[in-house]
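A.B. asks: So the sequence lines, in the order shown, correspond to chains A and B. Residues 0 to 461 (numbering that gives the first Met the number 0) make up the first sequence, in order. Residues 0 to 461 (numbering that gives the first Met the number 0) make up the second sequence, in order.
Calculated directly from the structure, the hints in this document are not laboratory data. For clarity, every value in this text was computed on a predicted model and none was experimentally measured. There's no promise every hint is true.
Which copy is meant is left open, so a pair is good if it fits within one copy or across any two.
As the list claims (entries may be wrong) - Derived pair list, reagent style DMTMM-like, types lysine to aspartate or glutamate, alpha-carbon separation capped at 20 Å:
#1 49 to 66
#2 361 to 270
#3 194 to 157
#4 361 to 272
#5 160 to 189
#6 49 to 89
#7 225 to 70
#8 225 to 38
#9 225 to 95
#10 225 to 248
#11 225 to 53
#12 151 to 205
#13 164 to 201
#14 49 to 69
#15 145 to 189
#16 161 to 195
#17 194 to 204
#18 26 to 47
#19 200 to 29
#20 161 to 117
#21 161 to 189
There are 2 protein chains.
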Amino acid sequence: MKFSLTNEFKEKLRLEIKNQNIDFIQKSFENTSYVDITELLYEFDSVDSKYVLDNIKIDISAKIISELDEDNRQNFLKIYSANEIARYLDIIDSDDGADILSELNFEKRNDVITSIKDSEKSKNLKELLQYDEDVAGGLMAIELVKCNINWKINQCIELIKKQAKNVENIYSVYVTDDKGKLLGTVSLKDIILAKDNSSIKDVYDDYIISVDTHMNQEEVAQIMQKYDLTVLPVINKRGKLLGRITIDDVVDVITETAEEERQIMSGITSDVEEDDSIWKLSNARLPWLVIGIVGGLFGAFFLGSFENNYFKNNQMFLSLSLFIPLIMATAGNVGIQSSSIVIQSLSNPSAFESSVTNRLFKVLLVSIINGVVLSLLVYLGLIAFDYFGYLDFGIYSKTALIVSVSLFSIVMLSSLLGTITPIILDKLNFNPALASGPFITTTNDLIALAIYFIVALLLGGI
Amino acid sequence: MKFSLTNEFKEKLRLEIKNQNIDFIQKSFENTSYVDITELLYEFDSVDSKYVLDNIKIDISAKIISELDEDNRQNFLKIYSANEIARYLDIIDSDDGADILSELNFEKRNDVITSIKDSEKSKNLKELLQYDEDVAGGLMAIELVKCNINWKINQCIELIKKQAKNVENIYSVYVTDDKGKLLGTVSLKDIILAKDNSSIKDVYDDYIISVDTHMNQEEVAQIMQKYDLTVLPVINKRGKLLGRITIDDVVDVITETAEEERQIMSGITSDVEEDDSIWKLSNARLPWLVIGIVGGLFGAFFLGSFENNYFKNNQMFLSLSLFIPLIMATAGNVGIQSSSIVIQSLSNPSAFESSVTNRLFKVLLVSIINGVVLSLLVYLGLIAFDYFGYLDFGIYSKTALIVSVSLFSIVMLSSLLGTITPIILDKLNFNPALASGPFITTTNDLIALAIYFIVALLLGGI
Chain A
0 MKFSLTNEFK EKLRLEIKNQ NIDFIQKSFE NTSYVDITEL LYEFDSVDSK YVLDNIKIDI
60 SAKIISELDE DNRQNFLKIY SANEIARYLD IIDSDDGADI LSELNFEKRN DVITSIKDSE
120 KSKNLKELLQ YDEDVAGGLM AIELVKCNIN WKINQCIELI KKQAKNVENI YSVYVTDDKG
180 KLLGTVSLKD IILAKDNSSI KDVYDDYIIS VDTHMNQEEV AQIMQKYDLT VLPVINKRGK
240 LLGRITIDDV VDVITETAEE ERQIMSGITS DVEEDDSIWK LSNARLPWLV IGIVGGLFGA
300 FFLGSFENNY FKNNQMFLSL SLFIPLIMAT AGNVGIQSSS IVIQSLSNPS AFESSVTNRL
360 FKVLLVSIIN GVVLSLLVYL GLIAFDYFGY LDFGIYSKTA LIVSVSLFSI VMLSSLLGTI
420 TPIILDKLNF NPALASGPFI TTTNDLIALA IYFIVALLLG GI
Chain B
0 MKFSLTNEFK EKLRLEIKNQ NIDFIQKSFE NTSYVDITEL LYEFDSVDSK YVLDNIKIDI
60 SAKIISELDE DNRQNFLKIY SANEIARYLD IIDSDDGADI LSELNFEKRN DVITSIKDSE
120 KSKNLKELLQ YDEDVAGGLM AIELVKCNIN WKINQCIELI KKQAKNVENI YSVYVTDDKG
180 KLLGTVSLKD IILAKDNSSI KDVYDDYIIS VDTHMNQEEV AQIMQKYDLT VLPVINKRGK
240 LLGRITIDDV VDVITETAEE ERQIMSGITS DVEEDDSIWK LSNARLPWLV IGIVGGLFGA
300 FFLGSFENNY FKNNQMFLSL SLFIPLIMAT AGNVGIQSSS IVIQSLSNPS AFESSVTNRL
360 FKVLLVSIIN GVVLSLLVYL GLIAFDYFGY LDFGIYSKTA LIVSVSLFSI VMLSSLLGTI
420 TPIILDKLNF NPALASGPFI TTTNDLIALA IYFIVALLLG GI
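Using the sequences and the accompanying hints, generate a full structural model.
C.D. replies: Here it is, written out as structure tokens:
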């Protein structure tokens with residue numbers, strides 16, 4: 000990496016943009032990755048950034064526009080004319096091109112499409128726009144090299160030479176029949192190894208993994224990861240080859256999925272980052288905090304009515320209330336641990352899943368072990384505390400009994416809820432990570448409180 | 000995907016292994032990906048699996064052995080002789096080979112290395128064994144195609160033909176000088192496009208991103224992801240080309256990092272999966288649950304001494320204790336939200352980070368907005384509850400005041416702690432995700448409780 004981004008360079012560039020020093024701009028970026036230039040331009044306003052892009056090689060600036068993140072790009076392209084955008088779309092891979100078009104408003108989108116010179120390209124883009132963003136069809140690029148199974152190797156090489164400019168990363172050539180049905184693949188390595196006059200038929204590999212245009216992007220990512228693929232062809236229902244997905248797009252899907260999961264687990268709505276506006280950041284957090292507060296108010300209400308109606312002995316209620324933090328923390332920890340393990344196995348599906356009954360049976364055993372260990376620990380701890388006079392229960396060992404029995408029940412129930420909830424959410428097509436989020440944990444808290452005081456009532460500690 | 004794993008096939012295979020029906024085994028797996036065979040064999044015991052591997056093509060069974068996960072492989076290879084393992088290592092890529100060797104005990108490892116026929120291979124493997132598993136050197140494979148900058152294209156093609164069998168995915172050829180220093184790369188596409196008698200010098204690309212052997216694997220993953228790379232060359236301090244890392248290994252690193260983060264966030268030690276033994280599963284969960292319990296006991300102890308020493312008015316303590324769940328839940332939610340956002344920006348480092356002071360200032364503003372909204376909500380809610388007689392505070396509006404003032408302080412403090420903790424953990428080279436784990440959240444709970452009752456004391460509600 001020969002180029003390093005520094006604040007000094009940033010300021011120098013700012014100055015030279017002001018001076019319209021085109022020479023400086025071109026020289027500076029001659030040997031710089033488009034990725035680094037993109038990162039740098041995030042620090043500049045739209046007008047300055049456009050000035051830079053207008054004055055460097057168009058194939059580099061096209062890549063920069065592809066690389067920009069959605070929010071920034073949508074804003075940035077407002078200062079571009081339909082014609083200028085169309086000129087970029089002529090160069091940009093169709094998958095990125097379709098993303099850019101889908102970010103424009105309806106009117107501008109149509110203007111841009113009609114301004115694209117390459118009619119093949121505009122047809123492709125219109126086709127890609129029909130797919131949802133999060134399915135295979137929305138990830139694929141139309142650009143690929145395919146040859147007919149009846150061709151000779153040298154015909155294929157001619158084609159590669161002709162198409163090399165349009166298709167960026169060629170690792171292999173797809174083999175189809177006369178109707179365009181995908182039959183297999185030949186790697187560039189095999190093409191180099193083969194003799195010029197041999198037939199594609201003799202050298203191609205007919206074992207090929209492909210996916211349907213409608214497959215969900217997470218499944219696409221799982222398949223590419225499982226089978227260690229760098230490219231994955233996309234076909235329609237009749238098996239016709241339509242496009243290909245490259246691993247770099249799927250790596251982004253994997254990272255986004257993980258980030259989304261963490262945000263759900265930590266109760267942040269929508270996609271926020273640390274450098275977003277203060278208003279957006281507060282807004283993304285408040286809904287879940289409010290849910291937590293509402294849950295807490297319910298809790299207070301519940302405890303209050305319990306105290307008023309059942310606890311004639313205030314001293315006992317006071318002793319019990321000392322352990323509310325312990326009960327709530329354990330319920331939360333057990334619930335999140337359980338759902339985390341289930342979420343993990345939901346995201347790595349295996350061909351041979353054990354049945355839900357078997358899973359629950361196992362969860363039951365694990366929680367019995369944990370429940371027994373924890374409640375014994377608490378029971379003995381409290382008896383010891385009491386014996387040495389560190390805690391004054393009022394009604395001595397009864398509190399210890401109530402706390403440890405309810406702790407055991409809570410470990411059992413939270414394990415069960417933590418296990419079932421993500422499975423149900425997944426079945427209903429929600430993200431199972433929601434089970435570790437604030438809504439479920441708040442519910443779990445309230446259930447734990449209820450169990451605690453019901454156990455107290457049942458054991459007659461009142 | 001022509002092959003689908005079913006329970007029927009599994010049982011049929013089990014039977015045919017018993018009958019030693021080699022023909023059935025070979026026919027069944029003729030057109031099956033090694034990945035699917037691996038998944039199937041997880042359902043069989045070591046002896047049956049070995050019988051299958053011994054009777055299919057050795058290049059397929061070698062891939063299956065590379066694909067096995069560490070725990071299973073370590074166990075499985077116990078029934079293999081050093082000679083048998085060495086025969087596989089002759090075929091397996093050096094990065095996977097080194098992983099396999101590092102899983103064997105010292106004695107067997109040496110036996111295997113001396114049994115490897117290809118002396119070049121055993122030298123490479125010994126070299127790779129010196130690197131830690133989690134740095135670039137531990138991820139790289141030695142196998143690659145490199146040519147001298149002074150060569151002609153046809154010399155290079157001859158070399159590719161010769162090495163094609165040893166190097167699996169060739170997308171590009173590395174260009175080095177006489178001393179082996181990495182200078183650049185030529186893609187196979189460019190080789191096909193170039194004329195036979197042109198020089199490497201004229202067609203190679205001298206802009207190349209490479210990493211040092213000692214770079215941490217997470218950084219390697221970030222670079223490959225950022226620059227959309229499928230392969231990444233690894234060099235030593237003098238710039239000499241030593242090996243290459245392929246994207247499939249890095250995809251695994253990205254997934255493992257995300258899984259590890261989720262486990263840390265949900266308080267599960269070590270790497271467990273749903274299908275591990277009950278004992279292992281309980282064991283992985285107990286440490287953090289015990290920490291939670293100890294925290295809860297501290298809480299009880301704290302509340303108890305508070306009650307005994309300061310609250311002459313039991314009724315007030317009772318009213319306040321109704322809101323312990325609300326206080327704790329909010330502290331937890333705010334803390335986890337804050338650390339989650341910081342963890343995210345720590346895992347996507349940018350060249351232009353805002354300073355810690357700026358970040359804290361922003362956090363402060365966000366938490367003031369959230370704090371004001373939440374405490375107003377609670378204050379008004381409680382006054383309304385009280386007015387309509389749903390809650391009986393004893394000392395009416397004073398409780399509402401204490402709850403909402405302490406809630407505000409807790410939102411501020413938990414935001415601050417949630418922001419600082421991951422930054423400090425990261426600086427100390429711990430995983431910042433620990434900040435969302437049970438240890439920190441338990442501490443956060445206790446601090447919130449303390450603030451709550453200290454605010455109560457200060458506002459004289461006692």
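A.B. asks: So, for every hint listed, does it hold in this structure?
C.D. replies: Results of checking the hints against the structure:
Taking identical chains as interchangeable, the C-alpha atoms of residue 49 and residue 66 lie at most 20 Å apart only when both belong to the same chain, with a minimum of 15 Å there against 48 Å between chains. Proximity of residue 361 and residue 270 under a CA criterion of 20 Å is satisfied inter-copy only: 18 Å between copies versus 36 Å inside one chain copy. In this homomeric assembly, residue 194 and residue 157 come within 20 Å of each other (Cα to Cα) both inside a single copy, at 14 Å, and across copies, at 13 Å. Taking the closest pair of Cα atoms, residue 361 and residue 272 come within 20 Å of each other only across two copies (12 Å); inside a single copy the shortest separation is 39 Å, beyond that limit.
In this assembly of identical chains, residue 160 and residue 189 lie within 20 Å of each other by CA distance both inside one copy and across copies; the values are 16 Å within and 9 Å between. In this assembly of identical chains, the alpha carbons of residue 49 and residue 89 lie at most 20 Å apart only when taken from the same copy (18 Å versus 54 Å across copies). Taking the shortest Cα distances, residue 225 and residue 70 sit within 20 Å of each other only across copies (18 Å), while inside one copy they are farther apart (31 Å). For a Cα distance limit of 20 Å, the shortest separation of residue 225 from residue 38 across copies, 10 Å, qualifies, whereas the shortest one inside one copy, 32 Å, does not.
In this homomeric assembly, residue 225 and residue 95 come within 20 Å of each other (Cα to Cα) only across copies, at 16 Å, whereas the closest approach inside a single copy is 25 Å. In this assembly of identical chains, residue 225 and residue 248 lie within 20 Å of each other by CA distance both inside one copy and across copies; the values are 16 Å within and 11 Å between. Proximity of residue 225 and residue 53 under a CA criterion of 20 Å is satisfied in neither setting, with 42 Å inside one chain copy and 24 Å between copies. Proximity of residue 151 to residue 205 under the C-alpha cut-off of 20 Å is restricted to the intra-copy arrangement: shortest distance 17 Å within a copy versus 34 Å between copies.
Only between protomers do residue 164 and residue 201 lie at most 20 Å apart by alpha-carbon distance; the minimum there is 18 Å, versus 27 Å within a single protomer. In this assembly of identical chains, residue 49 and residue 69 lie within 20 Å of each other by CA distance solely inside one copy; the values are 17 Å within and 51 Å between copies. In the homo-oligomer, the alpha carbons of residue 145 and residue 189 lie at most 20 Å apart both inside one protomer (15 Å) and across protomers (18 Å), since each shortest distance falls under that limit. Proximity of residue 161 to residue 195 under the C-alpha cut-off of 20 Å is found in both arrangements, the shortest distances being 17 Å within a copy and 17 Å between copies.
Taking the shortest alpha-carbon separations for residue 194 and residue 204, only the intra-copy value of 16 Å comes in at or below 20 Å, while the best inter-copy value is 27 Å. For the identical chains of this complex, residue 26 and residue 47 are intra-copy neighbours only, at 17 Å inside a copy versus 64 Å across copies, given an alpha-carbon limit of 20 Å. Taking identical chains as interchangeable, the C-alpha atoms of residue 200 and residue 29 lie at most 20 Å apart only when they sit on different chains, with a minimum of 19 Å there against 44 Å within one chain. For the identical chains of this complex, residue 161 and residue 117 are intra-copy neighbours only, at 16 Å inside a copy versus 42 Å across copies, given an alpha-carbon limit of 20 Å.
Taking the shortest alpha-carbon separations for residue 161 and residue 189, both the intra-copy value of 19 Å and the inter-copy value of 12 Å come in at or below 20 Å.
Checked against the numbered hints given earlier, the structure breaks only hint 11 and satisfies all the rest.
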